[in-house]
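Since the structure of chain A is already known, use the hints to place chain B on it.
The primary structure of each chain is shown beneath.
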Amino acid sequence: MTFISRAQVLSGLVAVLLALLVLELVRRRKLSEEYSVLWLLSMTAVAVAAFATPLLRWVTHAFGILYEASTVFFFGLVFVVLVLLHLSVKLSRLGRDAQVLAQELALLRAELERRPDAAPGPPAS
Amino acid sequence: MSQGQVLVVIPAHDEEESLARTVAEVRAKAPGVDLLVVDDGSTDRTAQVARAAGAPLVSLPVNLGVGAALQTGFRYALAKGYDVAVQLDADGQHDPAYLAPLLRPVLEGQADVAIGSRYVSGRSSYRAPLLRRLGMVFFSWVVRAAAGRRIADTTSGFRAYGRAVMKAGLHDFPKDFPDAPLLIALARRGFRLVEVPVEMRAREAGQSFYTWTRSLYYPYKCLLASVMVLLRRRG
Numbered sequence: 001m002t003f004i005s006r007a008q009v010l011s012g013l014v015a016v017l018l019a020l021l022v023l024e025l026v027r028r029r030k031l032s033e034e035y036s037v038l039w040l041l042s043m044t045a046v047a048v049a050a051f052a053t054p055l056l057r058w059v060t061h062a063f064g065i066l067y068e069a070s071t072v073f074f075f076g077l078v079f080v081v082l083v084l085l086h087l088s089v090k091l092s093r094l095g096r097d098a099q100v101l102a103q104e105l106a107l108l109r110a111e112l113e114r115r116p117d118a119a120p121g122p123p124a125s
Numbered sequence: 001m002s003q004g005q006v007l008v009v010i011p012a013h014d015e016e017e018s019l020a021r022t023v024a025e026v027r028a029k030a031p032g033v034d035l036l037v038v039d040d041g042s043t044d045r046t047a048q049v050a051r052a053a054g055a056p057l058v059s060l061p062v063n064l065g066v067g068a069a070l071q072t073g074f075r076y077a078l079a080k081g082y083d084v085a086v087q088l089d090a091d092g093q094h095d096p097a098y099l100a101p102l103l104r105p106v107l108e109g110q111a112d113v114a115i116g117s118r119y120v121s122g123r124s125s126y127r128a129p130l131l132r133r134l135g136m137v138f139f140s141w142v143v144r145a146a147a148g149r150r151i152a153d154t155t156s157g158f159r160a161y162g163r164a165v166m167k168a169g170l171h172d173f174p175k176d177f178p179d180a181p182l183l184i185a186l187a188r189r190g191f192r193l194v195e196v197p198v199e200m201r202a203r204e205a206g207q208s209f210y211t212w213t214r215s216l217y218y219p220y221k222c223l224l225a226s227v228m229v230l231l232r233r234r235g
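Listed in order, the protein sequences are those of chains A and B.
Numbering of the first sequence is given in this note's numbering, commencing with residue 1 and proceeding in unit increments.
Numbering of the second sequence is given in this note's numbering, commencing with residue 1 and proceeding in unit increments.
Okay, chain A solo, but in the shape it has when bound:
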């Protein structure tokens, strides 16, 4: 590695800071471990792309990209899109789960209200 540009330092620094933030969020239980995987992978990819200049040159050349920085952006973007897609999948699943829970809750509440001897339900809204 002959020389490190300021752009490389900047992108590497951002990647490391974001990775630390992700780890800190996991430590504080604000982010569950399963979601941290894709985020950490994308930070690593950005960091590697920023500093492994020969690798970056090779990839840039192999894909016919004109400018090394574009390669970093491209892969960064791909990872971010993957993370978003992953979240949409989780969201769909969450919605389905919430639907079943709401239905079961409504049925149970109706059953409770039907039985006079049962414990009083929540106040009627």
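Keep in mind that the hints were calculated from the coordinates and are not lab data.
Every residue gets a Cβ at the ideal spot worked out from N, C-alpha and C, and that includes glycine.
Please note: incorrect hints may appear among the correct ones.
Claimed, not checked - Below, simulated SDA-like cross-link-like pairs (lysine to any residue); rule was C-alpha separation at most 25 Å, straight line:
| id | chain 1 | residue 1 | chain 2 | residue 2 |
| --- | --- | --- | --- | --- |
| 1 | B | K221 | A | G95 |
| 2 | B | K175 | A | L105 |
| 3 | B | K221 | A | R93 |
| 4 | B | K221 | A | E113 |
| 5 | B | K29 | B | T43 |
| 6 | B | K175 | A | L101 |
| 7 | A | K90 | B | F173 |
| 8 | B | K167 | B | L131 |
| 9 | B | K80 | A | R115 |
| 10 | B | K80 | A | K30 |
| 11 | B | K167 | A | E104 |
| 12 | A | K90 | B | L230 |
| 13 | B | K221 | A | V81 |
| 14 | B | K167 | B | G41 |
| 15 | A | K90 | B | L170 |
| 16 | A | K90 | B | V62 |
| 17 | B | K80 | A | R96 |
| 18 | B | K175 | B | A187 |
| 19 | A | K90 | B | M228 |
| 20 | B | K167 | B | A111 |
| 21 | B | K80 | A | E113 |
| 22 | B | K167 | A | A102 |
| 23 | B | K167 | B | P61 |
| 24 | A | K90 | B | A187 |
| 25 | B | K175 | A | E104 |
| 26 | A | K30 | A | V83 |
| 27 | B | K80 | A | R109 |
| 28 | B | K80 | A | L101 |
| 29 | B | K175 | A | E111 |
| 30 | B | K221 | A | L91 |
| 31 | B | K167 | A | V83 |
| 32 | B | K175 | A | Q99 |
| 33 | B | K221 | A | V89 |
Claimed, not checked - Selected chain B positions facing chain A (in silico; Cβ < 7 Å):
| id | residue |
| --- | --- |
| 34 | V58 |
| 35 | P61 |
| 36 | V62 |
| 37 | T72 |
What the hints assert, rightly or not - Listed next, with one range per pair, are the computed distances between beta-carbon atoms:
| id | chain 1 | residue 1 | chain 2 | residue 2 | range |
| --- | --- | --- | --- | --- | --- |
| 38 | A | R93 | B | A164 | 22 to 30 Å |
| 39 | B | P61 | A | R93 | 18 to 26 Å |
| 40 | A | L108 | B | A100 | 30 to 38 Å |
Here is chain B on its own, set in the frame of chain A:
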């Protein structure tokens, strides 16, 4: 029809104005059936109106969509041992006088789903706007191409479902628009669908379920879901 055999499920989202009349009409015109109001997270007095009418009520804590509300009725019907569940809209569009002809094919075991259709007979007075009519023709064609069956009225919400269909519907049921994709999925699973001619009335109160923003989302969602049904394996 004997008591405890047929459950009329009335999904109601903000239908305080028409619900009481609908409940009374079902009781008057179809005395042999039980009914259940599924309050789909209404923000108005729908639940109180149902209680005041003495109708069995299941109140969803959040608004889930008409398909999910109907599915809630399926869960109730299966738990209580009903053989057939009928969807009947709270807004007064569906005339309970047609319950008997709608139920007959399902109760007699000739069909698993009976669809109250506006277009089977020529006598229906129902006139939809042009765009809606185009959409109906289009989705009728989609169902025919995908399921090999001609269903003239794919958007009819006046349907009777047999027990086997309810069971199948617990795992996979469109939560918002239970129309063309559902019919295709049911036909591909080998359920027998039949159309029964009915007349529908104009809404008595409230707002149509299909507002104009939905008129854009509806074809997208139904077409995509129909294609997905075809791409999934049968079974």
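Structure-based check of each hint:
1. B:K221 / A:G95: Distance ~17 Å between K221 of chain B and G95 of chain A Cα, so the pair holds.
2. B:K175 / A:L105: Cα-Cα ~17 Å, so holds.
3. B:K221 / A:R93: holds, 18 Å
4. B:K221 / A:E113: violated, 37 Å
5. B:K29 / B:T43: violated, 29 Å
6. B:K175 / A:L101: holds, 14 Å
7. A:K90 / B:F173: Holds, at about 19 Å.
8. B:K167 / B:L131: violated, 35 Å
9. B:K80 / A:R115: Given that 25 Å is the threshold and the Cα spacing comes to 15 Å, the pair holds.
10. B:K80 / A:K30: Not OK: K80 of chain B and K30 of chain A at ~42 Å, beyond 25 Å, violated.
11. B:K167 / A:E104: holds, 15 Å
12. A:K90 / B:L230: Cα-Cα ~24 Å, so holds.
13. B:K221 / A:V81: Since the Cα atoms of K221 of chain B and V81 of chain A sit roughly 23 Å apart, the hinted pair holds (cutoff 25 Å).
14. B:K167 / B:G41: holds, 24 Å
15. A:K90 / B:L170: With a Cα-Cα distance of about 21 Å, the restraint between K90 of chain A and L170 of chain B holds, given a limit of 25 Å.
16. A:K90 / B:V62: The given pair, whose Cα atoms are some 20 Å apart, holds under the 25 Å limit.
17. B:K80 / A:R96: holds, 24 Å
18. B:K175 / B:A187: holds, 19 Å
19. A:K90 / B:M228: Since the Cα atoms of K90 of chain A and M228 of chain B sit roughly 19 Å apart, the hinted pair holds (cutoff 25 Å).
20. B:K167 / B:A111: holds, 15 Å
21. B:K80 / A:E113: holds, 16 Å
22. B:K167 / A:A102: holds, 18 Å
23. B:K167 / B:P61: holds, 23 Å
24. A:K90 / B:A187: violated, 30 Å
25. B:K175 / A:E104: holds, 15 Å
26. A:K30 / A:V83: Roughly 17 Å between the alpha carbons, so the hint for K30 of chain A and V83 of chain A holds.
27. B:K80 / A:R109: Holds, because 15 Å separates the two Cα atoms, which is no more than 25 Å.
28. B:K80 / A:L101: holds, 19 Å
29. B:K175 / A:E111: holds, 23 Å
30. B:K221 / A:L91: holds, 18 Å
31. B:K167 / A:V83: violated, 35 Å
32. B:K175 / A:Q99: holds, 9 Å
33. B:K221 / A:V89: Holds: K221 of chain B and V89 of chain A sit about 17 Å apart, inside 25 Å.
34. V58: holds, 4 Å
35. P61: Nearest chain A Cβ about 6 Å off; hint holds.
36. V62: Given a least distance of 6 Å, the restraint on V62 of chain B holds.
37. T72: holds, 5 Å
38. A:R93 / B:A164: 22 to 30 Å: Between R93 of chain A and A164 of chain B, where Cβ atoms are some 27 Å apart, the hint holds.
39. B:P61 / A:R93: 18 to 26 Å: With Cβ atoms ~20 Å apart, the hint holds.
40. A:L108 / B:A100: 30 to 38 Å: holds, 33 Å
When each numbered hint is compared with the structure, violations occur for hints 4, 5, 8, 10, 24, 31.
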